[in-house]
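J.: The primary structure of each chain is shown beneath.
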Amino acid sequence: MKSAMTKRIIPCLDVREGRTTKGIRFENNVDIGDPVEMARHYYESGADELVFYDITASHEKRGIMIDVVRRVAETIFIPFSVGGGIASVSDMRDVLLAGAEKVSVNSAAIKNPRIISEGAEAFGSQCIVVGMDVKKVEKSGKIPSGYEMVIHGGRTYTGMDALAWAEELVRLGAGEICLNSIDADGTRDGYELNLTAMISEAVPIPVIASGGGGIPAHLAEVLTKGMADAALIASMVHYGDYTIPGIKDHLHGSGVAVRRSW
Amino acid sequence: MIAIIDYDAGNLTSVARALAHLGHAYRITRESGEILQADRVIFPGVGAAASAMESLKNYGLDTVLHQVMDAGMPLLGICLGTQIITGFSEEGDVPCLGLIPGRVRAFPASMKDDADRALKIPHMGWNRVQVKRVHPVLWDIRGEDAFYFVHGYYPEPENPDHVLATTPYGIEFVSAMGFGNLVATQFHPEKSGKPGLKLLDNFCRWGGEV
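First to last, the sequence lines map onto chains A and B. Position 256, counted from 1, in the first sequence is what UniProt numbering calls 256; the numbers after and before it change by one each time, with no gaps. Position 79, counted from 1, in the second sequence is what UniProt numbering calls 79; the numbers after and before it change by one each time, with no gaps.
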């Protein structure tokens with residue numbers, strides 16, 4: 001065997017002012033809004049990594065997230081990343097020192113690409129995940145790949161080609177790309193396979209597919225045809241429709257290498 | 001007490017949190033007296049070999065680590081710590097500590113997986129650790145256990161007897177080494193879930209003999 005590397009399954013939690021935002025139900029049907037307890041649940045059920053997005057609006061309350069990060073780090077012993085509102089090297093340092101393995105930068109990287117190189121310089125590329133929000137558009141001279149970078153949840157087009165931006169991220173020192181298709185996000189109809197395969201083939205760093213996962217077969221698809229190294233999941237598991245062991249059994253049955261012992 | 005060597009090379013707190021969870025007392029320190037009086041020493045690290053070696057020398061920790069090794073104290077290297085205990089690293093072509101004969105190599109470019117797809121570098125994610133030699137620190141680590149890796153370079157011990165485990169990623173590289181009172185893992189036991197905690201706990205109970 002040339003590689004026994006497994007594909008990573010990564011639950012994503014949105015956190016606002018220290019609480020998860022969705023009415024999340026586990027097997028026992030009890031709503032849990034505590035991100036630390038959710039982290040423990042996913043850690044114990046075989047998540048390979050976790051992502052927390054801080055969607056706290058007010059800047060004054062951002063310290064709450066740092067406390068969440070610290071408590072998560074005391075509770076789970078797998079890597080996790082923190083994103084949302086990371087706009088400077090100092091923001092990165094705060095979450096890394098609190099115990100996150102990686103930081104995820106999104107729109108701040110578009111406004112100020114230097115944050116990526118500065119972060120990579122200060123902490124190493126391996127902790128810098130760059131989030132890309134992408135929408136499909138007509139191919140044009142300006143957007144030759146037919147995929148454009150967007151910000152503000154997809155409301156604002158940036159005029160930047162997604163493929164060219166992905167290649168630029170590698171040059172800047174990004175360690176990983178979290179590739180979110182705004183078109184697929186929330187549909188539960190499957191990940192954007194063309195986009196994921198295109199970016200994954202073009203860059204030498206790992207690509208995490210995000211947006212559109214609804215059933216385990218969608219993950220199998222994006223991890224094979226889509227050539228993603230990892231898949232983000234949210235509502236599939238948050239509402240109890242699927243469990244991580246169940247998803248991994250399906251992937252294993254589909255010939256996708258996953259971590260099955262934990 | 002376990003001394004975690006502090007030399008400005010990445011996040012040491014994750015190792016500390018794992019030890020706290022296991023109930024082992026630790027100190028993050030660069031004081032030679034404190035390190036040499038510890039029961040055991042953990043030498044972690046994330047980042048580049050050259051700057052790590054520079055920090056070690058600035059703090060005089062290169063000498064201290066040799067003293068730890070010579071005194072027979074149980075010593076655990078993790079990730080970058082595992083690389084710079086060898087004699088030389090190709091990352092920046094920098095001479096290293098030489099606690100174990102060997103060197104650190106870069107993964108070859110253009111490695112392929114079984115489906116003939118290009119393997120990404122760094123090697124980042126969960127991969128298998130195949131135990132090649134029985135060792136108290138690897139006690140109860142099973143073939144199906146996976147461990148978390150993040151690295152673009154790997155250690156290559158000179159003596160095949162020092163290979164404790166290997167991992168397949170394009171090539172079969174050495175993912176754990178053992179030499180007397182020294183054990184070193186390329187993967188991160190502190191981020192590898194229960195099998196990783198098991199390995200750390202084994203180390204914390206090990207007297208340094210093989």
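Think of the hints as simulated: they come from the structure by calculation, not from any bench. A hint or two may mislead.
[Claimed, not checked] Computed Cβ-Cβ distance ranges for the label pairs, DEER-style:
(1) B:Asp-116 / A:Asp-241: 34 to 44 Å
(2) A:Thr-243 / B:Asp-114: 42 to 52 Å
(3) A:Gly-63 / B:Ile-28: 19 to 29 Å
(4) B:Ala-50 / A:Thr-243: 56 to 66 Å
(5) A:Gly-63 / B:His-21: 20 to 30 Å
[Unchecked claim] List of simulated lysine to aspartate or glutamate pairs, DMTMM-like, C-alpha gap at most 25 Å:
(6) A:Lys-135 / A:Glu-74
(7) A:Lys-2 / B:Glu-156
(8) A:Lys-2 / B:Asp-39
(9) A:Lys-2 / B:Asp-201
(10) B:Lys-198 / A:Glu-37
(11) B:Lys-57 / B:Glu-90
(12) B:Lys-198 / B:Glu-209
(13) B:Lys-198 / B:Asp-161
(14) B:Lys-198 / A:Asp-189
(15) B:Lys-132 / B:Glu-158
(16) A:Lys-2 / B:Glu-209
(17) B:Lys-112 / B:Asp-140
(18) B:Lys-57 / A:Glu-37
(19) B:Lys-112 / A:Asp-241
Cβ atoms here follow ideal geometry from the backbone N, Cα and C, with glycine treated the same way.
J.: All hints are to be evaluated individually against the structure, with a verdict given for each.
T.: Status of each hint after checking the structure:
no. : hint                              : in the structure
1   : B:Asp-116 / A:Asp-241: 34 to 44 Å : holds (35 Å)
2   : A:Thr-243 / B:Asp-114: 42 to 52 Å : violated (28 Å)
3   : A:Gly-63 / B:Ile-28: 19 to 29 Å   : holds (24 Å)
4   : B:Ala-50 / A:Thr-243: 56 to 66 Å  : violated (45 Å)
5   : A:Gly-63 / B:His-21: 20 to 30 Å   : holds (24 Å)
6   : A:Lys-135 / A:Glu-74              : violated (38 Å)
7   : A:Lys-2 / B:Glu-156               : holds (18 Å)
8   : A:Lys-2 / B:Asp-39                : violated (40 Å)
9   : A:Lys-2 / B:Asp-201               : violated (31 Å)
10  : B:Lys-198 / A:Glu-37              : holds (22 Å)
11  : B:Lys-57 / B:Glu-90               : holds (19 Å)
12  : B:Lys-198 / B:Glu-209             : holds (18 Å)
13  : B:Lys-198 / B:Asp-161             : holds (23 Å)
14  : B:Lys-198 / A:Asp-189             : violated (40 Å)
15  : B:Lys-132 / B:Glu-158             : holds (16 Å)
16  : A:Lys-2 / B:Glu-209               : violated (34 Å)
17  : B:Lys-112 / B:Asp-140             : violated (31 Å)
18  : B:Lys-57 / A:Glu-37               : violated (42 Å)
19  : B:Lys-112 / A:Asp-241             : violated (36 Å)
Hint violations for this structure: numbers 2, 4, 6, 8, 9, 14, 16, 17, 18 and 19, all remaining hints satisfied.
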